[in-house]
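Here is how the chains run, residue by residue.
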Amino acid sequence: MEKKKFDWKKITGSREMSLVIVLIVLCLFVQIRNSSFLTSETLEDMFRNYAVIFILALGMMCVLLTGGIDISIGSTLAFSGMAAGLVMRDYMIPTPVSFLLSMAIGAGLGLVVGMIITKGKVPPIVCTLGFMNIYRGLTYLIAKSQWVAAYQFTDSFKNFALTKYLGFGLVNNMIAVTIYCYIIFFVVMKWTTIGRRVYAVGSNVEAAAVSGINIGHVKIGVYTLMGFLCGLGGALWTSLYKSAQGDMATGIEMDVIAACVVGGVSLTGGRGSVVGVFLGSLTIAIIGKALPLIGVSQFWQSAIKGLIILVAVILNVLAQRTMDKNNLRRREM
Amino acid sequence: MKKKVLSVLLAVSMIGAMLAGCGSASEQAAAPVAEETAPAKEEAPAEEAAPAEEAAPAEESGAAGEGTFALVTKSAGNPYNEREAAGFEEAMKAMGYSDSQIIIRHPESATADAQITTINELIAQNVSAIAIAANDQDALQPVCEQAASQGIKIISLDSTLNAASRLTHVNQAGTQIIGQTLMDAVKDLAGGEGQWAILSATSQASNQNAWIAAMKEVMEGEDYAGLELVEVAYGDDEYQKSVDQTQALLTNYPDLKVICAPTTVGIMAAAGVLQDKGSAVKLTGLGLPSEMADYIGTDNVCPYMYLWNPIDVGRLGAYTSVALVNGDITGAAGETFTAGEMGGYEIVEASDGGTEIIVGPPFAFTPDNIDEWKSVY
Chain A
1 MEKKKFDWKK ITGSREMSLV IVLIVLCLFV QIRNSSFLTS ETLEDMFRNY AVIFILALGM
61 MCVLLTGGID ISIGSTLAFS GMAAGLVMRD YMIPTPVSFL LSMAIGAGLG LVVGMIITKG
121 KVPPIVCTLG FMNIYRGLTY LIAKSQWVAA YQFTDSFKNF ALTKYLGFGL VNNMIAVTIY
181 CYIIFFVVMK WTTIGRRVYA VGSNVEAAAV SGINIGHVKI GVYTLMGFLC GLGGALWTSL
241 YKSAQGDMAT GIEMDVIAAC VVGGVSLTGG RGSVVGVFLG SLTIAIIGKA LPLIGVSQFW
301 QSAIKGLIIL VAVILNVLAQ RTMDKNNLRR REM
Chain B
1001 MKKKVLSVLL AVSMIGAMLA GCGSASEQAA APVAEETAPA KEEAPAEEAA PAEEAAPAEE
1061 SGAAGEGTFA LVTKSAGNPY NEREAAGFEE AMKAMGYSDS QIIIRHPESA TADAQITTIN
1121 ELIAQNVSAI AIAANDQDAL QPVCEQAASQ GIKIISLDST LNAASRLTHV NQAGTQIIGQ
1181 TLMDAVKDLA GGEGQWAILS ATSQASNQNA WIAAMKEVME GEDYAGLELV EVAYGDDEYQ
1241 KSVDQTQALL TNYPDLKVIC APTTVGIMAA AGVLQDKGSA VKLTGLGLPS EMADYIGTDN
1301 VCPYMYLWNP IDVGRLGAYT SVALVNGDIT GAAGETFTAG EMGGYEIVEA SDGGTEIIVG
1361 PPFAFTPDNI DEWKSVY
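Sequence lines, in order, name chains A and B. Residue numbers 1 to 333, in my numbering, belong to the letters of the first sequence in order. Residue numbers 1001 to 1377, in my numbering, belong to the letters of the second sequence in order.
Bound conformation, chain B alone:
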């Protein structure tokens, strides 16, 4: 008898937790009771509710257009991905789509496996288009091809899928121009010559590898002959590992002048290490202004760094998805379309044989403008 009561209570609390998870983020109190049901609901409560109601509202809101549009980010718990999602959602709403037509998914971890699971779920929901910030260039190909065979429009943004898996790619900034910009920063901070190192994320991250390759290419030019790239270290976008790798770089190369970290976690970890040690090594790379505000300054560890606006990446991802679904574009090079208030964009050839749309050049965060940007993202 007692057991029965207990199991009923457990079941009730489980349902309670699920409702709380779907309904509103503020009702966290119920969640700890139900052990294994809660985790799935941890992110963005609206996304759980969306697929269930998807069928009905989609037919009613004829004004804005039909279909459901999904965004799959790299992983949960990273402010950068949140901003990207916010931009996507904002642009979709600006085009008149309703909440139930927008699905945003943050996988549990930054792996291809997690994204494959997520994409399979989206295929089952029969969405119209999926925009993916790929965790692995090639591993997602089978699942993307399966989605494409069912008429789902697949694009990548931020981090690219391989050319065969995507219709087009929303590139935050051209790979070449990022390589050029970062190399110029490295050269400037090193004073023209000397040793420098790269602190990257994982060794498989497609965007990281493309930028590193672009930097190496730029470095072959005569202007950069005095610079010596001593090591490319991988911090796996884990804080502790990035710190260990940074400290190892400082120990192994006493003459190091500059560290370039083209990843938001890496640059922050490196900044902390350099500041703690009072090191003379300078830091630049790609970082989130809010996280780096403490370290950016003329005499500080990071004189300046770059990033693009992740909100714009998300926005353009939304406009591109809609244009593809509406048949305005097919993803071939040379096509043009208008992305709402962002203006006109042209699809161009990408270096990997596919096509891409470039959002704009990277933006420099300097001691002068960091205070206004740190509260934005």
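Next up, chain A with everything else stripped away, as it sits in the complex:
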């Protein structure tokens, strides 16, 4: 009896729970306004369209955990997606090769960012601001300001976002990739030394360095990983929209950072969880998908979006504060 009560308190007081409550309220509200929201078709559309944001948020979480930030992700995504798209247009490569190529390019771009931040001691926001423009510019250059159009992709590539072979026939490929990423990240971040090192660097750099962690390697690692996921996102994006455009994913960094922050990832580093990031991304996805359904003007939709993000973050912070207080009280006793 005692034990049960304790568990209940722990759950309601947790940061994730406060977000779950916000999400439930949000979903119920939308459902009342439009009963077609909570249907499998709408939900599948939502997870498919926002798979890229879900995946990028994982990488962004790692970057934020080390106390950094990466705002070049939209451009990295565009460059790797465009490069792979151009190769597919000109050489008709198989779909898996295109994905690997895009991921390799993305990882390479991320490595450059990580090297400059770590070796050049450039503040992450300044460095990635620069690369946001550089990579975007290079995207236009390699594509000569053209788009790669639907008819220039192979059928197998276009069908990737429509079929379910990676999800064992149960879920769409896009969603399957998202699920695999989340499982891998959950395990790695929670139970492996690699994951714990990322947390250690963000919580206390000096302590981490003293304990023998190579800070530079960890930082380069997270930016490379971020780039790698951008590459994956680029391939998914082009497959989903059947088109590679120079300006694709412009501004996506804001949604991804918002997803992380809403999910309880601290901008100062060291704090955040895979579950939180999932819920944060889900919030952004629901906002994007549901607001057009509730039948208010689009100008209100933007304002409402901002309001929901703000409320979610405030509740999150309050929950965190309560949790800290409880912990402190327990210690006193």
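Any given hint could be a false lead.
Simulated coverage check for chain A against chain B, where a stretch passes if three residues somewhere in it have a Cβ under 8 Å from a Cβ of chain B [unchecked claim]:
{"hint": "1", "stretch": "16-28"}
{"hint": "2", "stretch": "41-51"}
{"hint": "3", "stretch": "149-155"}
{"hint": "4", "stretch": "236-247"}
{"hint": "5", "stretch": "293-300"}
Rather than coming from a laboratory, the hints here were simulated on the basis of the structure. Cβ coordinates follow ideal geometry from the N, Cα and C atoms, glycine included.
With chain A fixed as given, assemble chain B onto it according to the hints.
Just chain B, lined up with the frame of chain A:
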């Protein structure tokens, strides 16, 4: 010491990147090294070189005429704008102007702010004429008036400036005829009656709003009484947003018969959604043939759609600018001039109180002709 060497190296690589940016597009390798210098040079390398050399060649090439002619498109990275620029450049060269007398600018983003910055730079370079595809009808007025006060001839093309800001406007196709054509397409695809929706770009885009208004006006006619416009959705010319809006339209209006998207990004996003869902909703609007080739077909999501030739819009923009600078025309209604091989054009009254030159009627892309057009633009 080490720091000094490093900073020298950085400076050298920065200069290297700038030279690469100005010189040739193929030398991209140097660019990533210099972080904040490269972005400005990302578009159309020739444009950076042009202003610096502008003074000298302009005086020498007396044969074709003097002056520098600028084109400001809506934004970088859109093939439509590239074609428009290509047409402008081609016509200028056909008239004998040299590379250094042609300045083409693609702003970083499709905003009025970006265009204001660009126009200010062009004023500082003291160009003779600027042709602008306006991102906002009124926001550009102050900067355009400033340019005009220095004797620069301002025209708009593709998307109009307000009447007070421009001498005349090169209209890709008359607003009325576009509204009429699209409404007829909607009526045809809906089978005479039923619900239909519009997927537009941004709610401020002047050309979009003019066409939508024209369509609504046409719809008041008795022939179209059976059609019900259920919503005008705005996808902001962003792919993801346009997809979300299209899916919302399908969910909200199960009886929807036709979506009309008079914007190249919107129509493509909508086409993808309809094809993925195997929806029975038909699509028409204004789109680029190369991007839409996959979706155009008798039994496909988009039976036919329209567009004009952006190359012609750019060309006529060039001829109009030159005619204004040479004093052949002043931009008043009733004047006529010859636009090279494009033939004669007349300036007419526009519905907003200014004047305009209409390039021609919109062109239909059908399953029969799409294959030959998809490689053109």
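Hint-by-hint comparison with the structure:
1. Under a criterion of three residues with beta carbons nearer than 8 Å to beta carbons of chain B, the stated coverage of the stretch 16-28 of chain A fails, only 0 such residues being counted.
2. Requiring three or more residues with a Cβ within less than 8 Å of a Cβ of chain B, the coverage given for the stretch 41-51 of chain A holds, as 3 such residues are present.
3. Counting residues of the stretch 149-155 of chain A whose beta carbon lies closer than 8 Å to any beta carbon of chain B gives 3, which reaches the threshold of three, so the coverage claim holds.
4. By the rule of at least three residues with a Cβ nearer than 8 Å to a Cβ of chain B, the coverage given for the stretch 236-247 of chain A holds, with 6 such residues.
5. Counting residues of the stretch 293-300 of chain A whose beta carbon lies closer than 8 Å to any beta carbon of chain B gives 4, which meets the minimum of three for the stated coverage.
Comparing the model with each earlier hint shows a violation of hint 1 alone; every other hint is respected.
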